[in-house]
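As given, the protein sequences belong to chains L and G, one line each in that order.
Using the UniProt record's numbering, the first residue of the first sequence is number 1, and each one after it goes up by one.
Using the UniProt record's numbering, the first residue of the second sequence is number 1, and each one after it goes up by one.
Be a bit skeptical, because a hint or two may be false.
[Said to hold, decoys possible] One-sided and incomplete, this derived list gives chain L residues near chain G with beta-carbon spacing under 7 Å:
| no. | residue |
| --- | --- |
| 1 | PHE76 |
| 2 | ILE91 |
| 3 | ALA95 |
| 4 | SER110 |
| 5 | GLU112 |
| 6 | ALA114 |
| 7 | ASP116 |
| 8 | THR119 |
| 9 | LEU126 |
| 10 | LEU138 |
| 11 | GLN240 |
| 12 | LEU242 |
| 13 | LEU254 |
| 14 | GLU265 |
The hints are simulated quantities; they were obtained by calculation from the structure and are not laboratory data.
Note that the coordinates shown come from a computational prediction; the quantities given were computed from them, not determined experimentally.
All residues carry an ideal CB built from backbone N, CA and C; glycine is no exception.
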Amino acid sequence: MFWNLFLKECRLQWREKRFVWSLVVLLLLAVPAVAVGFAHYRSDLSEVEAGAVAERERWVQQGPKNPHSAAHYGIFVFRPVSPLRVWDQGITPFAGGVVFTEAHIKTDASYETAQDQSTLSRFGSLTPAFVLLYLVPLFLMINGFALISGEREQGTLRLLSASAADPRRLLAAKWLSLFPIVLLVGGVMLGLGLVLLWGRLPAANLLTASALCALVLLLYYGTIANMTLLCSAVLRSSHQVLVCLLLFWMTSSLVVPKLAASAAESWFPTPDREAFHGAMKQEKKSGMDGHDPADQRVARIRTETLAKYGVEKEEDLPINIDGLLMQEDENYGNKVFDRYYEELAAVHAQQERVFQWSSLLSPLLPARVLSMTLAGADSGTQHRFNEAVEVFRRDYVELLNTDMMHESRSGDWRYQADEGLWSRVPVFTFDFGSPLSRFATQSAALGMLLLWFLITGVLTAWLAPKFLQKVTP
Amino acid sequence: MMWRVIWAHESRLLRRDRISLAAALGFVMIMIAAAWVNGDKLNRWEQAGATAVAEQEARFSAQHADLVAMEAGEKHYDSLFGSPQSYFSWAGAVTVFPFDSWAMLSTGSGDLFAPVSQVKFYTKARVPGHDTANPMPRLFGAFDPAFVLLYLLPLFVIALNYGIVGDERECGILPMVLAQPVSPRQLFLLKIVWRWGVTSLVVLFALCAAFAVGGVNPLAKPLALAQLAGLVWLYCGFWFLLCLLVNTGRRGAHQCAVALTGLWAMLLLVVPAGAHLIGGLLYPIPSRIEAIAAQRLAAADAAKQGGEILAKFYQDHPELSANRGDTYAQYKATFQWYQRTLAVFEAVEAITAPMEQDFEARVEARLRFEQGLALLSPAVSVREALDELAGVSRVHYRAYQQEVQDYAARFRMFFAEKAFGESVIESADVARLPRFDMAPLQSNASVLRALAWLALVNLLLLAACAVLGREIPAR
Numbered sequence: 001m002f003w004n005l006f007l008k009e010c011r012l013q014w015r016e017k018r019f020v021w022s023l024v025v026l027l028l029l030a031v032p033a034v035a036v037g038f039a040h041y042r043s044d045l046s047e048v049e050a051g052a053v054a055e056r057e058r059w060v061q062q063g064p065k066n067p068h069s070a071a072h073y074g075i076f077v078f079r080p081v082s083p084l085r086v087w088d089q090g091i092t093p094f095a096g097g098v099v100f101t102e103a104h105i106k107t108d109a110s111y112e113t114a115q116d117q118s119t120l121s122r123f124g125s126l127t128p129a130f131v132l133l134y135l136v137p138l139f140l141m142i143n144g145f146a147l148i149s150g151e152r153e154q155g156t157l158r159l160l161s162a163s164a165a166d167p168r169r170l171l172a173a174k175w176l177s178l179f180p181i182v183l184l185v186g187g188v189m190l191g192l193g194l195v196l197l198w199g200r201l202p203a204a205n206l207l208t209a210s211a212l213c214a215l216v217l218l219l220y221y222g223t224i225a226n227m228t229l230l231c232s233a234v235l236r237s238s239h240q241v242l243v244c245l246l247l248f249w250m251t252s253s254l255v256v257p258k259l260a261a262s263a264a265e266s267w268f269p270t271p272d273r274e275a276f277h278g279a280m281k282q283e284k285k286s287g288m289d290g291h292d293p294a295d296q297r298v299a300r301i302r303t304e305t306l307a308k309y310g311v312e313k314e315e316d317l318p319i320n321i322d323g324l325l326m327q328e329d330e331n332y333g334n335k336v337f338d339r340y341y342e343e344l345a346a347v348h349a350q351q352e353r354v355f356q357w358s359s360l361l362s363p364l365l366p367a368r369v370l371s372m373t374l375a376g377a378d379s380g381t382q383h384r385f386n387e388a389v390e391v392f393r394r395d396y397v398e399l400l401n402t403d404m405m406h407e408s409r410s411g412d413w414r415y416q417a418d419e420g421l422w423s424r425v426p427v428f429t430f431d432f433g434s435p436l437s438r439f440a441t442q443s444a445a446l447g448m449l450l451l452w453f454l455i456t457g458v459l460t461a462w463l464a465p466k467f468l469q470k471v472t473p
Numbered sequence: 001m002m003w004r005v006i007w008a009h010e011s012r013l014l015r016r017d018r019i020s021l022a023a024a025l026g027f028v029m030i031m032i033a034a035a036w037v038n039g040d041k042l043n044r045w046e047q048a049g050a051t052a053v054a055e056q057e058a059r060f061s062a063q064h065a066d067l068v069a070m071e072a073g074e075k076h077y078d079s080l081f082g083s084p085q086s087y088f089s090w091a092g093a094v095t096v097f098p099f100d101s102w103a104m105l106s107t108g109s110g111d112l113f114a115p116v117s118q119v120k121f122y123t124k125a126r127v128p129g130h131d132t133a134n135p136m137p138r139l140f141g142a143f144d145p146a147f148v149l150l151y152l153l154p155l156f157v158i159a160l161n162y163g164i165v166g167d168e169r170e171c172g173i174l175p176m177v178l179a180q181p182v183s184p185r186q187l188f189l190l191k192i193v194w195r196w197g198v199t200s201l202v203v204l205f206a207l208c209a210a211f212a213v214g215g216v217n218p219l220a221k222p223l224a225l226a227q228l229a230g231l232v233w234l235y236c237g238f239w240f241l242l243c244l245l246v247n248t249g250r251r252g253a254h255q256c257a258v259a260l261t262g263l264w265a266m267l268l269l270v271v272p273a274g275a276h277l278i279g280g281l282l283y284p285i286p287s288r289i290e291a292i293a294a295q296r297l298a299a300a301d302a303a304k305q306g307g308e309i310l311a312k313f314y315q316d317h318p319e320l321s322a323n324r325g326d327t328y329a330q331y332k333a334t335f336q337w338y339q340r341t342l343a344v345f346e347a348v349e350a351i352t353a354p355m356e357q358d359f360e361a362r363v364e365a366r367l368r369f370e371q372g373l374a375l376l377s378p379a380v381s382v383r384e385a386l387d388e389l390a391g392v393s394r395v396h397y398r399a400y401q402q403e404v405q406d407y408a409a410r411f412r413m414f415f416a417e418k419a420f421g422e423s424v425i426e427s428a429d430v431a432r433l434p435r436f437d438m439a440p441l442q443s444n445a446s447v448l449r450a451l452a453w454l455a456l457v458n459l460l461l462l463a464a465c466a467v468l469g470r471e472i473p474a475r
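Okay, chain G solo, but in the shape it has when bound:
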């Protein structure tokens, strides 16, 4: 029944500790503010996506109506320039990153990639950055719930527990406490477990408040909610156990505070920055400039060999040398231009593909290496896991990039079929024109990895506390 006595004592202490109560309230308020700020940004991005899709559909619909009118002989264009029959009138199709409702948890890589991009059949598809945005805000990073959990939660835990033993030692009450019929190990472990539980409840309450502010029902994804709760509980526990471990020595409260602050700075600032530095040295990412140069060279060569490339294109795509449309004679030169352009495009893609694959492989190798180094600091693992839960991790954006590339290939093939079939766009084609559609990627590899890693680290810390806590110096 000793635990009841200790927990009742801790409960009384907490109720009388106005600073801790204020800190808890402050933490909840900061979390709500972060959720509100990040939710606002997410809304803007989602709005941009919805507007772009709506505008595209309105444009397509108006052009479709024009095509119907042209086919009925009610409307006429003198040339293909500006006509909905022209491929260029349909050239730009929007792709929108599918944000998950949990994206209010973290900005992740969202501030590095534009939420909306455009795919054209005659240029290489890529997901651009926020070109119009000011880079300054991105330099300092986002104020989001993930930041609050990663950086502020440990400080909150340290502020409440840095003197869990040291304070009692400095006040001179530790000898009296140790004179009670309870082992020091049991006493301080029970204290930590109680505080850990209370803090976890505060954090979960703050997270629920954050979800409420973001207008998200977390119960809609019970597994993800359980993973988030587990992640927060284990991360919180890591810092509690670290506090206890530091307190087991002969240090005073302020020495413990200094040591814990140093550890906080090491784990959240120095280790990630150092690991990034080592990753950059061992796995340098090739320059984009080299890739651009290779692409330019390939494009120039391909353009010079246009005829041969066109012949090869026909060899590779015999299905495209099919029926000639009714408009062939009228727009012969235009079709030839498109055919040549598309053939050259495919040739350039084929030439530059090995270099791009090499680039991607090197980026992947670097990411894998840094993922290994991330284990040096639980904060990095937790950050990756939170980004993954929010659906805005690197993995999500890489999947999106891949999906955009695949979509661009389908989109280009649609126009290739038209160009090599030598017919203009007709009203019946509009329904066949590929549209981008991607559901949020469901992935939890980083979350599971972080949970397993944190559980292991916590067990090790617990064991260390149990061993070192057998004998706690009273003075």
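Okay, chain L solo, but in the shape it has when bound:
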């Protein structure tokens, strides 16, 4: 009985023109979305790899130079490209992918690609995530809104009720009938993605990412299917169902995310970049509590160093005190940076909590966050990248200062290091982590999505059978 009901629903859908049209449109969008995403990934990857190799070459072959000059010559670090970005670009166009690292200064990632794009880019990019998270739910709603209300209007619900069909089975069959097409579109995209990315990251990671992505999509589509069935059962006419579902889609996909974005920035504003960097610079100069100015710190370190080595003049020191002073300045600056960036990270975390709470109004938000996280294109990954760059900067600046400290004498600014030292600076690497570990950081988003699925599921299972008995509009 159940399968007969399910097959009947599928057959009915296939006979609808809108179903066939929307399926064709979705498949026409899905395939180029994956293919173009892959093409962009390959070109971005080759650019980043070539850029990193050239930058390393320039660094190593910069010629003999004072280590501190080299520290100011600096190293450009390019954000690696995750193969899973084919799936979802996430925040990548809005987050810088290039960081210039040098002594004394912690710089932020810059050169956002969105800056070079036209107005069209603000309407969204045609990525697999865009098709699957924005368009497929709309398709589900358009195809499913009349599942019950349509039967009620046509009078066939009376016939169904008169049959021996269990209302819950009937509902389950209708619910399931929404999925073959979703599985087809999602399957085509995931399958194509798997084929294209096979060998580009460990098979276990690729399969885990695909499985987790499928889980997210099933929970999301399950929620949409629940809502569709619930509205179709509860509301009086198909018009009302359609209007209500479209209102829900528009609110959850467009309005709530934008409102959440604006609210997050309004309630927890991030400091202006000039003011932020100005404040750090000032604090480095005047001391973290305003009572330890840079010149006093320098004088204190000079005195302590002379005392430590038991000499009276800097020239008699076995080390170059300038190297030591610069490293001490780095250490102090790092404390200032840590404090400011921790505060900034706390503001970002508060902003993201606004998104988390807004997920109560939109199932798209947690689904999008999970999709970006799986693709390694979320703000958490960007934050980890920025931290990794900062660790790299601190390490190599310390290496250069230490070399200057031990290989030259105080006041000797003519000292020059060579390729031997430059080669000792390690190559920057960044590990995106496994999809599972990234996914685990978004347990709140997963919980929200699960909550949406369960609440809408329970409501549908509880309310829809009752309204199923109402056979007339």
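Given the structure of chain L, go ahead and fit chain G onto it with the hints provided.
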């Protein structure tokens, strides 16, 4: 007099349709909320600009007082380090994007570029992004009046009109209506014109409320107001005529609703995203990484040939090899360092200029191509026009970037004159130090293009409705 009967009937229907009245009220409230939210953000950005300028002027003023004291022999610095005579004490000058009061209408490109940036004479000037901001909010875009007009207004129109004919057909009253002494074409066109007029009034009222919330007097810019009203009226009309066109077939109300929703999704989501995809494929923008690599290479080469470059710099700028200041002997090495740095900087600029011009040309070509594709969806044209009216379009930010570059060149030249004149900063120099000043750019090319394009599309739709509406199936 048929129009009077029809409009009076429509008016009665509207008064009794509580859902439509609630939707209209909701629309106005959403517009007000969007204006408030966007106005709040704009205030923060303007505040950041005002604070940066005030802090700079306070710093300059304090340093100027120090210079006066030094020249009077009342104050003394042991070295140039930290002294106001040093170029580095004056190195950073702020540039602030000039927001128009209408910027509360749209965020435009405002969330991609920092409202305040700093120009230094020894580094390349560029307008940075909001480096300290969380990229998440920018991913989802801004909740501003432009969003309400672009996305929600069409849905509002569709919700009110998707069944303009289909509803009457489904209720069975269409045969009775068509039995009246009025042609179907006249009847439904008159209905649409009335609803279009009422909706336009609601939208204009919502916009006035938005301006009031943003503390802006729209009448101060009557031409821009007329353009905005025209834009909204034509965009609204586009969706009304589309509703009518879809209704002219043999479809029921819910089939029309599905078709209109599909068209909405196509025009606002799929077409722009698809056009962007095609633009990216046909006109790929070269990577910034390549530009950085070229600049690094040029800088390294220039640094190695410092002496030759300095000589060439003197050849190119004979006016700078002028008088030697009194402080020459004291700070000879410092001046030489500045001279070399500035000469190398100019050499690197000259080497990388062709690549940058190529980059800009390719970005421009892509933007032009996408501008052409934007005609596929009226929403994109309207978005560009709204951004332009708000003074935050790509054109505005590109003009700002250019102005920052020009200012940076003037700023650098000021220090070049000092460095090659081999004198330190004096109190008399402070008044000559260039300050950034840019008035909001007045441009309306996108607005006029959108108005013309929408008028043409609407005329075509009207003609199609007139042809297809001659015979409206009663069942």
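Each hint, compared with the structure:
1. Because the smallest distance between the Cβ of L:PHE76 and any Cβ of chain G comes to about 6 Å, under 7 Å, the interface hint for this residue holds.
2. With its C-beta approaching chain G no nearer than about 4 Å, L:ILE91 sits inside the 7 Å limit, and its interface hint holds.
3. The criterion of a C-beta within 7 Å of any C-beta in chain G is met by L:ALA95, whose closest approach is roughly 4 Å, and the hint holds.
4. Using the Cβ-Cβ criterion of 7 Å, the hint placing L:SER110 at the interface with chain G is satisfied: the shortest such distance is roughly 6 Å.
5. With 7 Å as the threshold, the beta carbon of L:GLU112 comes within range of chain G, its nearest partner Cβ sitting at about 5 Å, so the hint holds.
6. Among the interface hints, the one on L:ALA114 holds; its C-beta lies about 5 Å from the nearest C-beta in chain G, closer than the 7 Å criterion.
7. The interface hint given for L:ASP116 is met, as the beta carbon of that residue sits about 5 Å from the closest beta carbon of chain G, less than 7 Å.
8. Nearest Cβ of chain G to the Cβ of L:THR119: about 5 Å, under the 7 Å cut. The hint holds.
9. A cut of 7 Å between beta carbons decides the hint on L:LEU126: the least distance to chain G is about 4 Å, and the hint holds.
10. Nearest Cβ of chain G to the Cβ of L:LEU138: about 6 Å, under the 7 Å cut. The hint holds.
11. Given the 7 Å rule on beta carbons, the hint for L:GLN240 is violated: about 10 Å separates it from the nearest Cβ of chain G.
12. Annotation: L:LEU242 was flagged as interfacial toward chain G, and the flag holds, the nearest CB pair being 5 Å apart, inside 7 Å.
13. The interface hint given for L:LEU254 is met, as the beta carbon of that residue sits about 6 Å from the closest beta carbon of chain G, less than 7 Å.
14. The restraint placing L:GLU265 at the interface with chain G holds, with a minimum CB-CB distance near 5 Å, inside the 7 Å limit.
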